[in-house]
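There are 6 protein chains.
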Amino acid sequence: MAHLSWPAYAERIANGAVVLIPVGALEQHGRHLPLGVDFMLAEAVALATAEHVDAVVAPPFVYGYKSQLRTGGGPQFAGTVGLDGHSLSSAITDVLRGLARGGADKLAIVDGHYENQMFLTEACDLAIREFRQSGRDGVKIVQARYFEQFDEAILKRHVGGPPLDLAYEHAGVFETSLFLHLFGDLVDMDAAPEQAFKEFPSYDCHPPHDDWVPATGALSDPHRATAALGREIFDACVQGMVRILETEFGPEGDGSN
Amino acid sequence: MAHLSWPAYAERIANGAVVLIPVGALEQHGRHLPLGVDFMLAEAVALATAEHVDAVVAPPFVYGYKSQLRTGGGPQFAGTVGLDGHSLSSAITDVLRGLARGGADKLAIVDGHYENQMFLTEACDLAIREFRQSGRDGVKIVQARYFEQFDEAILKRHVGGPPLDLAYEHAGVFETSLFLHLFGDLVDMDAAPEQAFKEFPSYDCHPPHDDWVPATGALSDPHRATAALGREIFDACVQGMVRILETEFGPEGDGSN
Amino acid sequence: MAHLSWPAYAERIANGAVVLIPVGALEQHGRHLPLGVDFMLAEAVALATAEHVDAVVAPPFVYGYKSQLRTGGGPQFAGTVGLDGHSLSSAITDVLRGLARGGADKLAIVDGHYENQMFLTEACDLAIREFRQSGRDGVKIVQARYFEQFDEAILKRHVGGPPLDLAYEHAGVFETSLFLHLFGDLVDMDAAPEQAFKEFPSYDCHPPHDDWVPATGALSDPHRATAALGREIFDACVQGMVRILETEFGPEGDGSN
Amino acid sequence: MAHLSWPAYAERIANGAVVLIPVGALEQHGRHLPLGVDFMLAEAVALATAEHVDAVVAPPFVYGYKSQLRTGGGPQFAGTVGLDGHSLSSAITDVLRGLARGGADKLAIVDGHYENQMFLTEACDLAIREFRQSGRDGVKIVQARYFEQFDEAILKRHVGGPPLDLAYEHAGVFETSLFLHLFGDLVDMDAAPEQAFKEFPSYDCHPPHDDWVPATGALSDPHRATAALGREIFDACVQGMVRILETEFGPEGDGSN
Amino acid sequence: MAHLSWPAYAERIANGAVVLIPVGALEQHGRHLPLGVDFMLAEAVALATAEHVDAVVAPPFVYGYKSQLRTGGGPQFAGTVGLDGHSLSSAITDVLRGLARGGADKLAIVDGHYENQMFLTEACDLAIREFRQSGRDGVKIVQARYFEQFDEAILKRHVGGPPLDLAYEHAGVFETSLFLHLFGDLVDMDAAPEQAFKEFPSYDCHPPHDDWVPATGALSDPHRATAALGREIFDACVQGMVRILETEFGPEGDGSN
Amino acid sequence: MAHLSWPAYAERIANGAVVLIPVGALEQHGRHLPLGVDFMLAEAVALATAEHVDAVVAPPFVYGYKSQLRTGGGPQFAGTVGLDGHSLSSAITDVLRGLARGGADKLAIVDGHYENQMFLTEACDLAIREFRQSGRDGVKIVQARYFEQFDEAILKRHVGGPPLDLAYEHAGVFETSLFLHLFGDLVDMDAAPEQAFKEFPSYDCHPPHDDWVPATGALSDPHRATAALGREIFDACVQGMVRILETEFGPEGDGSN
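Chains as they are written, first to last, in the working numbering: chain L, 1 to 257; chain G, 1 to 257; chain A, 1 to 257; chain R, 1 to 257; chain F, 1 to 257; chain H, 1 to 257.
For reference, chain L alone in the conformation it holds in the complex (with noise of 0.2 Å):
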């Protein structure tokens, strides 16, 4: 969408398109992946995703909600920069608001940062409950973690073991496959850390225990990353975007169902 004049995006939504909105965060991500991890990949899969839907992609939204301890490591790393709760959904009110007054009524979130998830339900809610007082009935919202769309048999086979904990997967075999697959320049697999899984309190403390979380700022191993597989996750995460799409904006985009 940031490459489009306003006149070809305007025809694009005109004729159906479903505007895709890439929320991310600024986080660390252990040693061996970059701070941009969750903003670049729910970008890349939003790109893909557009690939096979009739969908355009806004600029991803770079910065998400505070980092946590037990799903992300939390503050005390250097280069984890987080919004306030308010001021993320707001800002993302805000630009729902801007791209339904634009003419689209089709949106789709793409979040990719864990701790997101209910300021952009919070987000959302107020953007709806405003668009029914404006009288814009027509806007449907989807808004999905893109790290959800996939069967995590595809882990289990290339990893084995017990289920995997999404929370804990943080800069773990996960997000380092689909690194490696996507971005396998910016990692540095020599610098992963050997470590076991992770295992958290089921509770928070605030402030929080630094102490909880390794000194790397993985939350689990991903020595078992491969290219390979993050192929395979993207794919399927991909895939599982496009049937979101599919089965709310109609399979023509024609928002039929």
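Everything labelled a hint here was simulated from the structure, so no lab data went into it.
Check the hints yourself; a few may be wrong.
Subject to a maximum C-alpha distance of 25 Å in a straight line, what follows is the list of computed SDA-like cross-link-like pairs (lysine to any residue) [stated by the list, open to error]:
(1) L/K140 with H/D188
(2) H/K140 with G/D210
(3) L/K198 with A/T247
(4) G/K140 with F/A236
(5) G/K140 with A/Q133
(6) A/K140 with L/Q76
(7) G/K198 with L/P7
(8) F/K198 with H/A8
(9) A/K140 with L/P7
(10) A/K156 with L/P7
(11) R/K198 with A/L4
(12) R/K198 with F/I154
(13) H/K140 with R/E152
(14) A/K140 with G/E130
(15) H/K156 with G/E130
(16) A/K140 with A/K156
(17) R/K198 with F/Q133
(18) F/K198 with R/E152
(19) R/K198 with F/A236
(20) G/K156 with H/P201
(21) G/K140 with L/Q76
(22) H/K140 with R/R129
(23) R/K156 with F/K156
(24) H/K140 with G/E199
(25) G/K198 with H/K198
(26) R/K156 with R/D190
(27) L/K198 with A/E152
(28) R/K198 with R/Q239
(29) R/K140 with F/R243
(30) G/K198 with H/P201
(31) R/K140 with F/C205
(32) A/K140 with G/R132
(33) L/K140 with R/R132
(34) G/K198 with G/D221
(35) L/K198 with A/E246
(36) H/K198 with G/S134
(37) H/K198 with G/V242
(38) A/K140 with L/S202
Starting from the known structure of chain L, arrange chains G, A, R, F and H on it as the hints suggest.
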């Protein structure tokens, strides 16, 4: 910064690097330029600046304040997506807080969108107020519009005529030249409008008079734009940014000034 | 705490008591359970916990975040009343500030509503940020969902079948058993739905698809619920909370950990 | 309402029941009364009112606006926990919205805390503004302090002396009598202070002069309080509330007025 | 203060002057008084007070909280313009911060609008909270309604009858007398309503019952108002304010109290 | 407007009068001008404009956005008191809402403070958004800085030299001339600074470099200011405002344009 791991980023910061934060907009730029002009140019200037001073570039904050009729064409164009003022200020304050918390105390906002200025000022002011309450008196934030960091004599020499009003330079000679230089394949000069320089009344009206704006969305005539002029402007802007950072943070990036 | 005079409360706090803050919701729980399930269970767990550790229980913050389709059935049921995210976070931050101002520095939130978690996290984070600015570094806040403080093996042993997804346990075996144990006369098992375990899509839609949810409002089949199972779960949750408080605030409630 | 299932609640609302929303505070009430006085009395009045009119009682919104020196003793007492004005107004607006969305259009706030009034007024005003934008013109909200719904002649007849200023009645004859009648075992008359009626200056000071308030926290002398007086006041308040609801929503609860 | 240059103002502050901040409203005051009554009277009292103590008067904050039916006649009258509670509190907090930042630590709000009180209280409380976080513990804020700083015996002696309820004194004997004394040519006694004292119910309704208010907008009968009474009231209010400032900031304005 | 009774105001509005809303600031203006310059001039222009078109003038919104170094000298001067951006926008939105609710649909903001512009724009945009949701599509708001409504040729003819940058005209020839014309006895030309035109860097720094600003607070040399020039500028500004109102609301004030 998005491509660095957190330890690599932490080392840069510890050694005194400035963090540059490009802020842009998603906003129509006529029929010949794409919607992403403002954040793409802000990021390009930031990246080039970082080749001359010790700086890392944060991923761009893509979405800016709502487009205004007299400086950006206004909200009536599809694809123009802006944030409310409070959302923008809050989110940028959060970004500044997050960077400072991670150890960075040399921050510089590179603004690429005319309407952002006062809301970025508010964000910086609120951040500094909070830093003082938190005992972080050492953080300094530079706030600069990249498009004010060059000598307008350049434009005059190339283009002739009266001094340009940068407020009207939306999708005009200035931005088009920069885009021809940096992202030439995203410019469609065949679609560039033939129009006299737009003159606006000296006030605003709400709701906006859409007919004040040319149907193309360009506020001035971009035809005299060239890649050569773009290069000259770009280099001047980058040099301007470099001088600012050296002035404020020291030629060695050691903050001695 | 609501039944203590201020001097009696002040003495408890001065002697090191933890303040437990139950947070719940007013939300449909099927035809067989009442609207108050979430805050009533959170308060019941808190009160039982306070019999084992040195703690006082604040009156419950009854109203929680807006019910979501995939975890609570959603807003389409009469009697489901939720707060916006910012309202909830702000009010809880205020409660934490007020307790800390009154001398309490051992605080623990006992959360009984699935959708509350991130907004409570935000409230705690904002409170801690403010405490630091105010020189109140000694305040520690534990944030725990009571329903994650037991071994799911209990459920499996009683109920059999695959591991339960607590997100779906809304008005299911888990909550119904607890209610049979604690508030049996408020349960109408004759009204309990016969339904297969509900499976949801892997994404959200706004406005929500009301037809994703069974007309009863229960997301899974509560028929295998028993008071005996409820007792076992309840005791396990209370023990879990006790362990957390002892870990974080010391076995003597002296905060030595 | 917390004890009703959603279908039972929905039926009551469909048949025209009013929803009563008790709002209170957690605030010191001298050495002889507990911290929960305000929300406990508001709830008690609401429950008794609901025996005389067709009404359901929502669970109390426990936490109210910050205690002020001249009406509640102020924040210097441990156990006094108040919300910021905006938090309280926002949360109550949300509660009103949620109830209205679920079909209730006869709403009544029963306020038990002196300092709440204007912030509840703000909440109601914001809710009505939003309802109008949403085409929900039929919702009516009554806002009443229960302690203003009786004839002060009762107090005068029992207690004698000059007319009481209810602002000073914090933990005095009025509230103590009500508590003796309703929750007698939570009153410790031995701890009741012997003190002359407190006279305050005619202005406020920030930060507050803590020494304006008796060390006990009671603003007037509660010794003449009796359970008999409490019963008379209570019945009068309930009758007052009943009259209000009948006036505003019709004697049959049919909203014909 | 508006007429002083900054060095002149700075000198006054350095010498210990109090800054008085009149806060009013723009609100109907019957057919015989103008819309500006509340801020004009607050400013007049502040200016007269400043002749007796060492004080400078800030320009009035004209706009106050929304007019309520039972104290100001309500929003249904053209020309009644009020702020939302949060807007008013935030703006006044900002004014207090700005004055404190400029060196003033003796601040006094002179309130002329009945409905403002709690939102000014909130503003002062938030300002003091922030001052403490910023190490500005020395700032003291007095908050006084000018119309509570006189002995009601004056009114009784002039007017006779039962004690007045100031809440009903909107556009009645009190304000009309003051206006006759201070701004006599803005009073149109021929337009003053002949009406019995208005009695209101003991609760509020939202949306408001406009017919509770006399069509004139005056809540009581102003006919016994005289300029002589106005002078006596005015002098008493000013003396009351002077006493408050001397009590709180010392007779020499040296803050020794 | 402050001097009109509500029926008199209502009649003016019903007959089509525009409501002018002066917005200013309390801000240092050098040693020779008082702190109230911005709101006093905005109000003076509005009052004079109202003599030529059918308009009533609301009392000024005195307090504006925070003074910035490069346009107003910045916050380091005693007596400079500014609002946060969100507070200002919210309060002005409220004023616009209140005026519209009272029947006015021709509104015009007369801005006298350089830094206010974008926050007033935000206020107008939010008000219009709300008006549309409320079915008040007919409200039109003009937003004009009075100081941009004259031909700079006037200044050039009187003063000579290069075109002035109004951003630097803070307490310079422009404002000083206007004050000499309108409020001559509040000008102390003996205190006017002898200084070269101030040149600022092309960026901002936070916290601000106080030494960028002359110690006097004046950003340019006011010595060539005269009352005669002030009269000419003033008349031109008023005529400019008149033209704008006639253009937008019709020469007969009938809104036909």
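Worksheet entry | Unmet hints by their number, sorted upward, for this structure | Of the numbered hints, 1, 4, 9, 10, 13, 15, 16, 17, 25, 28, 29, 30 and 36 do not hold.
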